[in-house]
Amino acid sequence: MKSHTHYLWFNTKQRQEIIDITEHVAGEVEKSGVREGLALVSAMHISASVFVNDHESGLWHDILEWLEGIAPWDPGRYQHNETGEDNAAAHLRSLTVGHEVIVPITAGKLDFGRGSGFSTGNGTARGRSG
Amino acid sequence: MKSHTHYLWFNTKQRQEIIDITEHVAGEVEKSGVREGLALVSAMHISASVFVNDHESGLWHDILEWLEGIAPWDPGRYQHNETGEDNAAAHLRSLTVGHEVIVPITAGKLDFGRGSGFSTGNGTARGRSG
Amino acid sequence: MKSHTHYLWFNTKQRQEIIDITEHVAGEVEKSGVREGLALVSAMHISASVFVNDHESGLWHDILEWLEGIAPWDPGRYQHNETGEDNAAAHLRSLTVGHEVIVPITAGKLDFGRGSGFSTGNGTARGRSG
Chain B
35 MKSHTHYLWF NTKQRQEIID ITEHVAGEVE KSGVREGLAL VSAMHISASV
85 FVNDHESGLW HDILEWLEGI APWDPGRYQH NETGEDNAAA HLRSLTVGHE
135 VIVPITAGKL DFGRGSGFST GNGTARGRSG
Chain L
35 MKSHTHYLWF NTKQRQEIID ITEHVAGEVE KSGVREGLAL VSAMHISASV
85 FVNDHESGLW HDILEWLEGI APWDPGRYQH NETGEDNAAA HLRSLTVGHE
135 VIVPITAGKL DFGRGSGFST GNGTARGRSG
Chain U
35 MKSHTHYLWF NTKQRQEIID ITEHVAGEVE KSGVREGLAL VSAMHISASV
85 FVNDHESGLW HDILEWLEGI APWDPGRYQH NETGEDNAAA HLRSLTVGHE
135 VIVPITAGKL DFGRGSGFST GNGTARGRSG
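Protein chains in written order, with the numbering used here: chain B, 35 to 164; chain L, 35 to 164; chain U, 35 to 164.
Read the hints as simulated data drawn from the structure, not as lab findings. Among the hints, a few may not be true.
Taking lysine-lysine pairs in the BS3-like style, the calculated list, with each CA pair at most 27 Å apart, reads [what the hints assert, rightly or not]:
{"no.": "1", "chain 1": "L", "residue 1": "K36", "chain 2": "U", "residue 2": "K47"}
{"no.": "2", "chain 1": "U", "residue 1": "K65", "chain 2": "B", "residue 2": "K143"}
{"no.": "3", "chain 1": "L", "residue 1": "K36", "chain 2": "L", "residue 2": "K143"}
{"no.": "4", "chain 1": "B", "residue 1": "K36", "chain 2": "U", "residue 2": "K65"}
{"no.": "5", "chain 1": "L", "residue 1": "K143", "chain 2": "U", "residue 2": "K36"}
{"no.": "6", "chain 1": "B", "residue 1": "K65", "chain 2": "B", "residue 2": "K143"}
{"no.": "7", "chain 1": "L", "residue 1": "K143", "chain 2": "B", "residue 2": "K36"}
{"no.": "8", "chain 1": "B", "residue 1": "K36", "chain 2": "U", "residue 2": "K47"}
{"no.": "9", "chain 1": "U", "residue 1": "K65", "chain 2": "L", "residue 2": "K65"}
{"no.": "10", "chain 1": "B", "residue 1": "K143", "chain 2": "B", "residue 2": "K47"}
{"no.": "11", "chain 1": "U", "residue 1": "K47", "chain 2": "U", "residue 2": "K143"}
{"no.": "12", "chain 1": "L", "residue 1": "K36", "chain 2": "B", "residue 2": "K36"}
{"no.": "13", "chain 1": "U", "residue 1": "K143", "chain 2": "B", "residue 2": "K65"}
{"no.": "14", "chain 1": "L", "residue 1": "K47", "chain 2": "B", "residue 2": "K36"}
{"no.": "15", "chain 1": "B", "residue 1": "K143", "chain 2": "L", "residue 2": "K36"}
{"no.": "16", "chain 1": "B", "residue 1": "K143", "chain 2": "U", "residue 2": "K47"}
{"no.": "17", "chain 1": "L", "residue 1": "K143", "chain 2": "U", "residue 2": "K47"}
{"no.": "18", "chain 1": "B", "residue 1": "K143", "chain 2": "L", "residue 2": "K47"}
{"no.": "19", "chain 1": "L", "residue 1": "K36", "chain 2": "U", "residue 2": "K143"}
{"no.": "20", "chain 1": "B", "residue 1": "K36", "chain 2": "B", "residue 2": "K65"}
{"no.": "21", "chain 1": "B", "residue 1": "K65", "chain 2": "U", "residue 2": "K65"}
{"no.": "22", "chain 1": "B", "residue 1": "K65", "chain 2": "L", "residue 2": "K36"}
{"no.": "23", "chain 1": "U", "residue 1": "K143", "chain 2": "L", "residue 2": "K65"}
{"no.": "24", "chain 1": "L", "residue 1": "K143", "chain 2": "L", "residue 2": "K65"}
{"no.": "25", "chain 1": "U", "residue 1": "K36", "chain 2": "U", "residue 2": "K65"}
{"no.": "26", "chain 1": "L", "residue 1": "K65", "chain 2": "L", "residue 2": "K36"}
{"no.": "27", "chain 1": "U", "residue 1": "K65", "chain 2": "U", "residue 2": "K143"}
Pair ranges (Cβ atoms, derived) [stated by the list, open to error]:
{"no.": "28", "chain 1": "U", "residue 1": "K143", "chain 2": "L", "residue 2": "K65", "range": "33 to 39 Å"}
{"no.": "29", "chain 1": "L", "residue 1": "T140", "chain 2": "B", "residue 2": "Q113", "range": "22 to 28 Å"}
{"no.": "30", "chain 1": "B", "residue 1": "E64", "chain 2": "L", "residue 2": "E116", "range": "20 to 26 Å"}
Note that CB positions come from ideal geometry on N, CA and C, so glycine has one too.
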């Protein structure tokens, strides 16, 4: 079985941010030489998420605002933050959106619908995806 | 490595609908001849979801109603809908329920608990799963 | 292709409970002899979830409390419970958090960030993961 692992590093500037990593992932799929298989894109940080969706700025705004409703940032409401962290909400948002995505590789290409792409975000600081 | 890809197409009649695709997936697993491996069922549309759960009409009703609470349809509240679409809520619901499911194949069969099955839905128009 | 399947059984004592299964999964990865591949940890019960996150007691408390907001237990509000069950909320929580997790195996080890681990929980009675 062919396999190929690559780590991506990102430095986010804001507490919560979405980054389109589709080109990176497509590039690694090409380097891998895999024709029929699976691409696993997995967050390396538990307050980050990976998801497949539309790269449309209005939707990205909606996602970030919606997550504030799903798990309000409000550090005072979470016991986790008594450890000295303030990011309990980022963990809960990551549980909602998901930790990883796996996409079919068909005929050497990522096989998802037109207009879809991978994104990572919803977290703190550095994320790594392989 | 053995691999087998198949696309399923559905035409939904309502804005939000759940379809049980377990028999389709089980049939493709059988055709694939895979004895030990993984079945990836991935939505081809970013406002659709794939999930494993119970085929019970009361629960399906509950899921659809619950999603209205998770991300209200209300087109006016989302920036995405300024693009001329009205389905921002379907994107957010898909982020919640998930874009794909991967299930073990053990001894040639989908290996999940009794009473479980794949479903797709929560979206607009056509979905494709492979 | 090398493959290795193992079932884990848990008897939970409370209606909703989180169990850290990281050591179990790491042990099975070692037994499998897989050096480069994928570890799929899939719930065998549709009211259970598997997720990757931090083993920190405050966060676990926050997760359980947060899920009560995502889908309140309140049996009277769900049609599913007219079947004689009372766990519709556990199904909805499982749809939110996710049914399975897949993690890269790199150089023979589970490849996720420092401080991450697998957990299962959010359900009723027995869960099985393989």
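Falls inside 22 to 28 Å, the C-beta gap from T140 of chain L to Q113 of chain B?
violated, 39 Å
Taking 27 Å as the top limit, are the C-alpha atoms of K36 of chain B and K65 of chain B close enough?
holds, 11 Å
Between K65 of chain L and K36 of chain L, is the straight-line Cα distance small enough, at 27 Å or below?
OK: K65 of chain L and K36 of chain L at ~11 Å, within 27 Å.
Pair hint outcome, K65 of chain U versus K65 of chain L [Cα-Cα no greater than 27 Å]
violated, 30 Å
Does the structure keep K36 of chain U and K65 of chain U at a Cα separation of 27 Å or less?
holds, 11 Å
Return holds or violated for the Cβ distance of E64 of chain B and E116 of chain L against the range 20 to 26 Å.
violated, 35 Å
27 Å Cα cutoff - pair K36 of chain L, K143 of chain U:
holds, 24 Å
Below or equal to 27 Å on CA atoms is what counts here, so check K143 of chain L against K47 of chain U.
violated, 31 Å
Decide if the proposed pair is consistent with the structure: K36 of chain L and K143 of chain L, CA atoms, cutoff 27 Å inclusive.
holds, 15 Å
Given the hint that K143 of chain L pairs with K36 of chain U, does the C-alpha gap stay at or below 27 Å?
holds, 17 Å
Take the C-alpha atoms of K143 of chain L and K65 of chain L, compute the straight-line distance between them, and say whether it is at most 27 Å.
holds, 11 Å
When you check the alpha-carbon spacing of K143 of chain B and K47 of chain B, does it fall within 27 Å?
Roughly 31 Å separates the two Cα atoms, so the pair is violated.
In this structure, the hints that do not hold are numbers 1, 2, 8, 9, 10, 11, 14, 16, 17, 18, 21, 23, 29, 30, in rising order.
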